[in-house]
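K.L.:
Sequence:
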Amino acid sequence: MKVKLEEKEKKIKQMEEKKKKIKQMEEKEKKIKQMEEKKKKIKQMEEKEKKIRKMEEKEKKIKQKVKQMEEKEKKIKQKVKQMEEKEKKMEEKEKKIKQKIKQMEEKEKMVRANVLQAVVAAAIALSNCTIM
Numbered sequence: 001m002k003v004k005l006e007e008k009e010k011k012i013k014q015m016e017e018k019k020k021k022i023k024q025m026e027e028k029e030k031k032i033k034q035m036e037e038k039k040k041k042i043k044q045m046e047e048k049e050k051k052i053r054k055m056e057e058k059e060k061k062i063k064q065k066v067k068q069m070e071e072k073e074k075k076i077k078q079k080v081k082q083m084e085e086k087e088k089k090m091e092e093k094e095k096k097i098k099q100k101i102k103q104m105e106e107k108e109k110m111v112r113a114n115v116l117q118a119v120v121a122a123a124i125a126l127s128n129c130t131i132m
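Heads up: the sequence shown runs through residues 1 to 132, numbered per UniProt numbering.
Among these hints, one or two may not hold up.
Restricting the straight-line Cα-Cα distance to at most 25 Å, the calculated cross-link-like pairs of lysine-lysine (PhoX-like) are [to be verified]:
1) K60 - K81
2) K38 - K60
3) K41 - K51
4) K38 - K19
5) K67 - K86
6) K107 - K88
7) K43 - K33
8) K75 - K96
9) K23 - K13
10) K63 - K50
11) K96 - K107
No lab work stands behind these hints: they were computed from the structure.
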């Protein structure tokens, strides 16, 4: 009976040891699952970081394009300003030319009038000469 009791105790001890090992294994499994979850979260975070970097690169490229467009716009505005200045100068030149033409026309009128007066005076003088 003592032997049976010892055997039972031994079996109980073995069972307790097995329980203990099972519990340890369960703990290890639990830790492994936690680690896997952590790995999964880390991977997700890395993916998010990667997406963020891509977005930052896109934003950087867009900013560069905007800057280029602003520079082009600035150059165009400068060209427009230059063209307006040239147009203004051309208008001023045209105005001066018109004034010169007007002056020349007035001079021409005066010369014609003087020529006409001279012709009339010569005609009168000739007519006076023939009468004498």
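K.L.:
If a hint holds in the structure, say so; if it does not, say that too.
P.N.:
Structure-based check of all given hints:
no.: 1; hint: K60 - K81; in the structure: violated, 31 Å
no.: 2; hint: K38 - K60; in the structure: violated, 32 Å
no.: 3; hint: K41 - K51; in the structure: holds, 15 Å
no.: 4; hint: K38 - K19; in the structure: violated, 28 Å
no.: 5; hint: K67 - K86; in the structure: violated, 28 Å
no.: 6; hint: K107 - K88; in the structure: violated, 28 Å
no.: 7; hint: K43 - K33; in the structure: holds, 15 Å
no.: 8; hint: K75 - K96; in the structure: violated, 31 Å
no.: 9; hint: K23 - K13; in the structure: holds, 15 Å
no.: 10; hint: K63 - K50; in the structure: holds, 20 Å
no.: 11; hint: K96 - K107; in the structure: holds, 16 Å
Of the numbered hints given earlier, the model fails hints 1, 2, 4, 5, 6 and 8; all others are met.
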